[in-house]
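Undergrad: Go ahead and model the full structure; you've got the sequences and the hints to work with.
2 protein chains.
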Amino acid sequence: MSTKSTPSISLHGKAYHLPKQPTVVVCIDGFDPEYLQAGIDDGILPNMAAFLKNGFHQTAHCAMPSLTNPNNLSIITGAPTSVHGVSGNYYLDKETGKEHMIVDDSMMRGTTILAKLADAGVRVAAITAKDKLRRIIQHGLSPEKGSICFSAQCANECTEGEHGIQDVERWLGQAAPAQYSGQLSLFVLDAGLKLLREERADLFYLTLSDYIQHKHTPGSREANEFMKAIDTRLGDFVKSGAVVAVTGDHGMSDKSDEKGSPNVVFLEDILHSKWPGCGARVICPISDPFVKHHGALGGFVRVHLTEKSALAEMITDCRRIPGVEVALTGEEAASMYEMPLDREGDMVVISTKDFVVGGRREEHDLSQLGGHRLRSHGGLSEQQIPLLRSTSVEPKDVYSTKTWRNFDIFDLVLNY
Amino acid sequence: MSTKSTPSISLHGKAYHLPKQPTVVVCIDGFDPEYLQAGIDDGILPNMAAFLKNGFHQTAHCAMPSLTNPNNLSIITGAPTSVHGVSGNYYLDKETGKEHMIVDDSMMRGTTILAKLADAGVRVAAITAKDKLRRIIQHGLSPEKGSICFSAQCANECTEGEHGIQDVERWLGQAAPAQYSGQLSLFVLDAGLKLLREERADLFYLTLSDYIQHKHTPGSREANEFMKAIDTRLGDFVKSGAVVAVTGDHGMSDKSDEKGSPNVVFLEDILHSKWPGCGARVICPISDPFVKHHGALGGFVRVHLTEKSALAEMITDCRRIPGVEVALTGEEAASMYEMPLDREGDMVVISTKDFVVGGRREEHDLSQLGGHRLRSHGGLSEQQIPLLRSTSVEPKDVYSTKTWRNFDIFDLVLNY
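Protein chains in written order, with my numbering: chain A, 1 to 416; chain B, 1 to 416.
Because the hints were derived from the structure by calculation, they are not lab data. Hints are supplied without guarantee of correctness; some may be wrong.
To be verified - Simulated restraints on C-beta separations:
hint, chain 1, residue 1, chain 2, residue 2, range
1, B, Gly173, A, Ser10, 50 to 60 Å
2, B, Asp397, A, Asp342, 24 to 34 Å
3, A, Gln37, B, Lys53, 33 to 43 Å
4, A, Pro276, B, Gly121, 35 to 45 Å
5, A, Glu162, B, Lys274, 53 to 63 Å
6, A, Ser10, B, Gly279, 25 to 35 Å
7, B, Gly97, A, Gly161, 48 to 58 Å
8, A, Asn156, B, Ala310, 52 to 62 Å
9, A, Thr306, B, Glu199, 45 to 55 Å
10, A, Gly277, B, Gly241, 28 to 38 Å
11, A, Leu366, B, Ala312, 49 to 59 Å
12, B, Lys53, A, Arg221, 25 to 35 Å
13, A, Ser10, B, Ser273, 48 to 58 Å
14, A, Trp171, B, Gly279, 46 to 56 Å
Stated by the list, open to error - Just some of the chain B residues that point at chain A, by a computed CB distance under 10 Å:
hint, residue
15, Arg319
16, Leu380
17, Thr401
Claimed, not checked - Calculated pairs, DSSO-like style, for lysine-lysine (alpha carbon to alpha carbon, straight line, at most 30 Å):
hint, chain 1, residue 1, chain 2, residue 2
18, B, Lys308, A, Lys116
19, B, Lys20, B, Lys239
20, B, Lys116, A, Lys94
21, B, Lys353, A, Lys396
Heads up, the beta-carbon is just placed ideally off N, CA and C, and yes, glycines get one too.
TA: This is how it looks when you write it as structure tokens:
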């Protein structure tokens, strides 16, 4: 039990033991605690119910903002976004004034737990639903180190040289599913399970897509079917000899009114109307030009100003807008929510649980919702996610004296 | 409000603005929230009551363990003990096997907010009750930088060359009080107040002694008198133009039974009795050979073993001892409570709120309590402390979306 007796790596001041048995970490994208609760209540999640009963369970908070890229990186670095530097899926480069989507690891500071474990000889398999996330978390993983890293989305393009595996569709016996489907996530789990059974990796990071959660409410037929399919596979990992830990990158909230219309604060329109000379540019860090199911509308935006003299007044005004929970200077927000200060806007605005906040009305194509109620995330209301482990960390009252975060999951699964 | 417009320093990934007005940070040693509540209820703390009403107030958690040195360093570094490295007042050097009291800054990693502000031209005054703490927090402060740093205890030994001030007793018109007195703390505040009125410093860190709190229960005549005297001086700082922030290094709990006898787990005796060959050495990081009022008994101990094979069994057994709240491997404890792993014991044992945990019965001289009920700290039960600011951070619901710690106090007072 001492650091001398078992090999370990360390990152950002924390130590992580090398896995002693096959170890599977699953990030269920958009894993709001309500999906878990509804599935348990409906009796359709026997394996997760067993984790709750005989393993470890806490409802934890994710990193801020409650978005996919920031939290996947927090999970694989064990640190808040202030440390690894990626606080959005989409950002404004303050030097050039240009907007960019995060498509690779170039914005990340430091390395990852996965990369350090791979360097220490652990065979790592990291599989994502979408390829854009694969390009980020592949940092420091290479076939030369024995790592396998690919996405379900591009499963038919894998090569031994880049991904450490090829002919994935044929090997798995499944065609790569559509990018916008629940099946994409199940493909990730199925591929991980086959790698485990073939003993091709020691440590697995399997990270899914929130396509279903953006559309379907907890307890709905579609959500329950999806959760049940995940649960079955989690049970298969356990049966195949792995210790399994599960968390989410963020929660998910309904953002529509009684009639089903989205509750939106079009913040850039409001700011330009009242302060025409402020040059406000509202950046929605949830934005993804390829994703249709949320119209780039989430619970968190950054405001960049060319004229900042009215900032204090703006903040006071923003706090009075119905649907706004928090308005802060970028500095205050960075400090309060552990985000990287140098990448913060002049102002941060966070919406209430039932609202989203966006830029200009014309930028957000709500017709893309396709008749669904808007469900989204990004704010403080979507911080809660479950943190589960298949095996017990007893006694519960001792281990719950720590306030766990989703990015403690590698600590939880490797060190206790 | 942007980092470009106001000068700032940074430490451990956090930025701190240089003070724009005289800024006073007070650490009330042993500032259990019950002292504040009792004093407010009794109507004897008008200034702190005003801070609660018109300023900022949260009940926050301190760093672990809940002891003086670790938390004073956390406060002036803005970081948990895992970052600055000092996780006790007293420790076992694992290399030499010898026990040491922390008497200077040699165990600290990195520098302090105070030192960085001094380097940036801020005139810092840091005054402690006891001289042993002065030697620690003086790190990076020197008269050449315009800093003043001394202790009430050794006020009559100050020199311009070492402390940036001399003839303190004559200057203040008060003799240095006895080391074991409440007056020692009030001397710290009086000296700070005079420096403020003479405009000799811009930023003040004033840290007191818990002599009164170790002896007297919240709401008692002695405790109320002491708290009232502190409160009067906090009001004087405000009247003299300063923004004031107040927190504690740790709380304080009653540790005696109904008859007034201390509730003690003599852990080293228990371990040697059951595992004679384990070579257990129980280190009480609250120990201070010069302090009599707690008999070196607190809520947190580290156990170092020469024979570790029974560790898992020992932990299971320790969890069954009445009065034990938590027993963990040193590794688990370091990870859960953000303490430096390389300075951790093989096992950490933390007592319940009404108990203390010690080493061998013969090591702890309970007659030193002098008839008082044992009051002490160090464990999880003494993590809560108030965090106050004289001026408002409105609206409250926005700024309470962060979980504040006592070591956020410089962030709170300089950045919002």
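Undergrad: Take the hints in turn and mark each one as holding or not.
TA: Hint-by-hint comparison with the structure:
1. The beta-carbon spacing between Gly173 (chain B) and Ser10 (chain A), approximately 53 Å, falls within the hinted interval of 50 to 60 Å.
2. A hinted range of 24 to 34 Å for the beta carbons of Asp397 (chain B) and Asp342 (chain A) is consistent with their spacing of about 28 Å.
3. In this structure the hint that Gln37 (chain A) and Lys53 (chain B) lie 33 to 43 Å apart at CB holds, the actual value being about 39 Å.
4. Distance hint check: the CB atoms of Pro276 (chain A) and Gly121 (chain B) are about 40 Å apart, consistent with the given range 35 to 45 Å.
5. Distance hint check: the CB atoms of Glu162 (chain A) and Lys274 (chain B) are about 57 Å apart, consistent with the given range 53 to 63 Å.
6. Here the CB-CB span from Ser10 (chain A) to Gly279 (chain B) is close to 28 Å, well matched to the stated 25 to 35 Å.
7. As the Cβ distance of Gly97 (chain B) to Gly161 (chain A) is approximately 53 Å, the hint placing it in 48 to 58 Å holds.
8. At roughly 55 Å, the beta carbons of Asn156 (chain A) and Ala310 (chain B) sit within the given window of 52 to 62 Å.
9. Checked against the hint of 45 to 55 Å, the pair Thr306 (chain A) and Glu199 (chain B) fails, with Cβ atoms roughly 39 Å apart.
10. Remark: the range hint 28 to 38 Å for Gly277 (chain A) to Gly241 (chain B) is upheld by a beta-carbon distance near 36 Å.
11. Restraint check, Leu366 (chain A) to Ala312 (chain B): a C-beta distance of roughly 57 Å satisfies the suggested window 49 to 59 Å.
12. The given range of 25 to 35 Å is broken by Lys53 (chain B) and Arg221 (chain A), whose C-beta atoms sit roughly 52 Å from each other.
13. For Ser10 (chain A) and Ser273 (chain B), the hinted distance range of 48 to 58 Å is not satisfied, since their beta carbons lie about 37 Å from each other.
14. Evaluation of the 46 to 56 Å hint for Trp171 (chain A) and Gly279 (chain B) yields a pass: the beta carbon distance comes to about 54 Å.
15. About 6 Å separates the beta-carbon of Arg319 (chain B) from the nearest beta-carbon of chain A, less than 10 Å, and the hint is met.
16. Residue-level restraint check for Leu380 (chain B) holds (minimum Cβ-Cβ distance to chain A is 6 Å; threshold 10 Å).
17. The interface hint given for Thr401 (chain B) holds, since its Cβ lies 6 Å from the closest Cβ of chain A, which is under the 10 Å cut-off.
18. Simply put, Lys308 (chain B) and Lys116 (chain A) have alpha-carbon atoms about 28 Å apart, close enough for the 30 Å limit, and the pair holds.
19. With a C-alpha separation of about 17 Å, the suggested pair Lys20 (chain B) and Lys239 (chain B) falls inside the 30 Å cut-off, and the hint holds.
20. Among the hinted pairs, Lys116 (chain B) with Lys94 (chain A) is consistent with the structure: their alpha-carbon atoms are about 27 Å apart, no more than 30 Å.
21. Distance check on the hinted pair: Lys353 (chain B) and Lys396 (chain A) sit about 18 Å apart at the alpha-carbon level, within 30 Å; holds.
Consistency with the previously given hints fails for numbers 9, 12, 13, ordered from lowest to highest.
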